[in-house]
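Chemist: Now for the letters of each chain:
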Amino acid sequence: MGRMLFSSQHNTANNDPFERALANRGQKFKENIFTLLVYCCAFTLPTLLVFAAYELTTKCMPTVSKFGISFLFNHDWNPVSGHFGALPFLYGTAMSSGLSLLIASFLGLGTALFLTEFSPRWIQKPLIILIQIISAIPSVVWGLWALFELIPWLQKYVVPFLKDHLGFLPFFQGNFYGVSMLSGSLVVAIMILPIMISVTIEMIKSVPSIYKEAVFALGSTHWESIRIGVLPFIKKGLLGVAILGLGRAIGEAMAVTMVIGNKPEISLSLLSPAYTLSSVLANEFAESTSELHISALYEIALLLGAITIVVNLLAQLFIHGLEPLDFTKLFGKENQKKNLS
Amino acid sequence: MRVAFYRFRKLENILVQLLCAFASFFVILPFVLILVYLIVAGASSINFDFITQLPKPIGEKGGGMANSIVGTLILMGLTFLIGTPIGILSGVFVYEYGNEKLRKIVRFSADLLNGTPSIVIGILVYGWIVSPMHGFSVMAASIALSLIFIPLVLRTTEESLLLVPKELRDAALALGIRKWKVVCYVLIETAKQGILSGILVALARIAGETAPLLFTAFGNQYWTYRLDEPISALPLQIFEYAISPYEQWHRDAWAGALVLLLLIFLLHLSVRILLKKKS
Chain A
476 MGRMLFSSQH
486 NTANNDPFER
496 ALANRGQKFK
506 ENIFTLLVYC
516 CAFTLPTLLV
526 FAAYELTTKC
536 MPTVSKFGIS
546 FLFNHDWNPV
556 SGHFGALPFL
566 YGTAMSSGLS
576 LLIASFLGLG
586 TALFLTEFSP
596 RWIQKPLIIL
606 IQIISAIPSV
616 VWGLWALFEL
626 IPWLQKYVVP
636 FLKDHLGFLP
646 FFQGNFYGVS
656 MLSGSLVVAI
666 MILPIMISVT
676 IEMIKSVPSI
686 YKEAVFALGS
696 THWESIRIGV
706 LPFIKKGLLG
716 VAILGLGRAI
726 GEAMAVTMVI
736 GNKPEISLSL
746 LSPAYTLSSV
756 LANEFAESTS
766 ELHISALYEI
776 ALLLGAITIV
786 VNLLAQLFIH
796 GLEPLDFTKL
806 FGKENQKKNL
816 S
Chain B
805 MRVAFYRFRK
815 LENILVQLLC
825 AFASFFVILP
835 FVLILVYLIV
845 AGASSINFDF
855 ITQLPKPIGE
865 KGGGMANSIV
875 GTLILMGLTF
885 LIGTPIGILS
895 GVFVYEYGNE
905 KLRKIVRFSA
915 DLLNGTPSIV
925 IGILVYGWIV
935 SPMHGFSVMA
945 ASIALSLIFI
955 PLVLRTTEES
965 LLLVPKELRD
975 AALALGIRKW
985 KVVCYVLIET
995 AKQGILSGIL
1005 VALARIAGET
1015 APLLFTAFGN
1025 QYWTYRLDEP
1035 ISALPLQIFE
1045 YAISPYEQWH
1055 RDAWAGALVL
1065 LLLIFLLHLS
1075 VRILLKKKS
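Just so you know, the sequences run in chain order A and B. When you read off a place in the first sequence, starting at 1, and then add 475, the result is the number in our numbering. When you read off a place in the second sequence, starting at 1, and then add 804, the result is the number in our numbering.
Rather than coming from a laboratory, the hints here were simulated on the basis of the structure. This one's a predicted model, so the numbers in the text were calculated from it and none came from an experiment. Backbone N, C-alpha and C fix where the C-beta goes; we use that ideal spot for every residue, glycine too.
For each label pair, taking beta carbons as the anchor points, the in silico distance ranges come out as:
id: 1; chain 1: B; residue 1: Lys905; chain 2: A; residue 2: Ala569; range: 32 to 38 angstroms
id: 2; chain 1: B; residue 1: Val807; chain 2: A; residue 2: Ala569; range: 45 to 51 angstroms
id: 3; chain 1: B; residue 1: Lys1081; chain 2: A; residue 2: Glu766; range: 52 to 58 angstroms
id: 4; chain 1: B; residue 1: Met937; chain 2: A; residue 2: Lys503; range: 37 to 43 angstroms
id: 5; chain 1: B; residue 1: Val840; chain 2: A; residue 2: Pro645; range: 33 to 39 angstroms
Model the full assembly from the supplied sequences, consistent with the hints where possible.
Modeler: Dropping the structure here:
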């Protein structure tokens, strides 16, 4: 390694000042080329993001100018007659990701507590490795599993049970055809669980055990020691984990598309099919022909992108505790100058 | 009174523990079930034809996904070629070059892109490459995958550079060595294990991505070796077969899922071996 570093200096180690200057210039040239390369690579992503924002906003202009804000509140989606409203998809995305988050956050917290505190030592490591393996499973495989395993199981055992005991609720009305809001939310809940559990476990482990031991020393039970000595320190982080899971759930496309039923209708019943922002893109984008239809899909993509970006930023804010989007520091100096002048 | 309170606390303690145990049971059970089911269903429908033959029309016996397997490997290779230099050099930039403001912009845009749903990335690349070139292509697909790949590599590169002792870099610079040589032969050389494992994890992640391929790679029933033609990939083929109504295609989808998972686990396993060698 050392020889490589100095080799050029060895080669040019003669006393002719002219040749030395020439070699030095060659070195400087290489240095500049490398710096230029680094700058070019580093600014690929920011440039592409600007292009992306431009692309999405210009391409959705036809729908924006035709429907305006009513695009968001119209529940009619009919490519044939040229009526487009995003409400069914907004509702479907909100409902399915909210429901899956509700399921996943409680199960995730319970599992994380069990794996760090309550379970016997020997079981922890294999289970944590299992969770890591599961988190590597791609979303299309989850969809496959949900389609052929989860839905038949729901159809056979869960839905009859729900209908018998909770059938009077508006959430469990109507016929169950398998593909439904319930199946979509469940598969997304299972998909976002591994990452939520891993992050929660890391957070619980990062709390110094002194606090817990102190509470123990005062004569608390095991649960009280966690409630008083651990949970208050990670409250904000837990909220961050939930929002992180929400971001994943909103952006999830393939598995949801396969099991949610793809029907642009708003129904309170969890047993009826629904549609989400990402699954309408997955289904219709490649087949759209009319200009208005394409533009409506671009507007949906813009909505989806904007929502996930906001959610992810919030998650970062809570998990790391520092502002990822520090406008005051980024642009503060210019503002000060402007104020002065 | 006091005794009752003690009893209540003890009961509460046991109840919470039971609840947590129940929660983990309900979480772990589907995880074990899906792994077992995937392996059983995949292994029972995989055979030699599956990994050597092209897909056949429904009704004909045999046929496989050879072109999809090769397609996934081609896409991974191209993404690796495009994404690795950009990812590593951006990571170097965030660690070493520019000022705090520029670094923040680069880091922030990587985070934004990392949080963007992959289907939106597919739509963007469709607008940038597929529709101007009037056709789905391998090139477009690998660029879409690179957009997912680069932010991941950038982050892991920066993290592993941060683990390099600061003295090493300072000593090298103090010897009067050019900055680019310090970067290439000291920083990257020292952090290469971390960077490499980051790249492998990112490759494992993009191997299973389906959504961006829908509008870029599109899928293909035959072999392709050209950059401007549509190509098939394992996740695409699994998706297509899973939503089809045919029993035989469903079995092929399970076999494809098993092959895809084996590929992903192989990458993760090599990361583990790499990191073990380090310590």
